[in-house]
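Protein chains in written order, with our numbering: chain R, 4 to 166; chain U, 4 to 294.
Hints are computed from structural coordinates only; laboratory data are not their basis.
In this text, all values refer to a predicted model and were calculated from it rather than measured experimentally.
Any given hint could be a false lead.
[As the list claims (entries may be wrong)] Per label pair, the in silico range of CB-to-CB distance:
#1 U/LYS86 - R/SER94: 55 to 61 angstroms
#2 R/PHE17 - U/HIS62: 14 to 20 angstroms
#3 U/GLN52 - R/ARG97: 51 to 57 angstroms
#4 U/SER87 - R/ILE123: 52 to 58 angstroms
#5 R/SER126 - U/GLN84: 42 to 48 angstroms
#6 R/LEU136 - U/ALA198: 27 to 33 angstroms
#7 U/THR138 - R/LEU136: 39 to 45 angstroms
#8 R/SER126 - U/THR229: 51 to 57 angstroms
Using N, Cα and C, we set each Cβ at its ideal position, and we do this for glycine too.
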Amino acid sequence: MRVQPASGTSVMVFTFLVAGLLQLLPMPASLSVGRPLWIEMVLVFWILALPQRVGVFTGFVAGLLTDVLLGQVLGVYGIALALLAYLTLSSYTRLRVYGALQQSIAVFLLLGVGAFAVHIFKSSLGQNTLSPLATLLPVLVSAILWRPMLNILRVIQVRFMVR
Amino acid sequence: MRALCCIPSTPSEATIKGLYSRSLKPVYRLLLVALLSFVLMFVDHRTDQLKQVRWVVSHAVAPLHYVAHLPTASLNWGEQQTKSRRQLINENASMSRQLLVLQQRVQKLAVLEAENARLRQLLNSAAELETKVSTAQIIGIDPDPSRQEVVVNKGTNEKAYVGQAVLDAKGLIGQVVEVGSSFARVLLITDSSHALSVQINRNGVRAILAGTGQVDKLRLLYVPTTADVQEGDLLVSTGLDQRYPPGYPVAKVVAVHVEPGDPYMTVEAMPTAEIDKVSHVLMVAQEEGEE
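Construct all of the structure, not just a fragment, from the sequences and the given hints.
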């Protein structure tokens, strides 16, 4: 069996940075409540695409950067994204063969677990959080945006030959 | 199989990879990472040990804050560039009028300040601290709607420090809670974890003003029902909290509600600063506060 050499790491890092940027972009308060979970979506995509390369550690590192980016206590997003990466990694074979709607629903569930993990850790650190139901709104928006996002990222992956 | 994702890999390849190329199973990786996260969370939340790490990593992410601010900045710039001559003339005229009024007030202020210092000397109380003010621009707003924080473009390079008071032309906005080399994170007075000591300008009654998490609402805590608080009262900082300089306007009381049987009354206030509208803020450095 031929092992493909890994390539396109910089492109992958770039997509994470753009996701971080989108996470920061100023938005009106009314829209900001439903801001999609960009970093989480990019993470799930790369795990589905390259489960051999991207995994729990990548999720952890992306999470730590998110923590610094958002001024959050270090480790909150770290553990949440690592958990999300683990769950995605253990179900990627099924996720890949799902139809569009089914896959979006699965992504909704995955991101929902991640969002609740963040919620739990934030409130256990004594921070003021939104109600659990409001926490799900960004997850729902992300699930709706999942298919377009997947197509865009796939084009990027093929174009820049990320393996 | 219409939704096959990306580059298909045969199951056998994945299995073999899973068996040999991974040194650790994902479960163990997750456990390891979870352990690490808990330690990080504990250390970061309870101690200041990770401040240095944060400071180093913040260099990597600070450019993102600046890039995220670009659309707003360029829009502002475009607006400036396309202003008509008439608009500029009008603006200029109104500004010079304003300047004249302010200058007249400053004239009086110098005399008053000197008088105040003399009186303080007579009373044998410490002279008020000199304050240095520098301006900063807001370059980012916390994307988390449950937190009220902004990022400004002044950091340790410009002598910003944790605990520094931040205000706009009309009143207090918040305090610096984290500094990088070229940015600082400001906790707003409206954040639900924020409180400061204030007094009513009219009669000097002191109370604690706490944020609610809403941008236009603050609450006075533990005000006895017998206290003299009225709608429209101006609340100014006392400086007793050792963070904010005394004498700056903070909020105006908008509603006073007494519930019969309750030992305390509910007092709602609105910040005098236009917290959700400002783009430039003032950072006040107290001589004493610098470490």
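- request: Determine which of the earlier numbered hints do not hold for this structure and return their numbers in increasing order.
  value: 3 and 8
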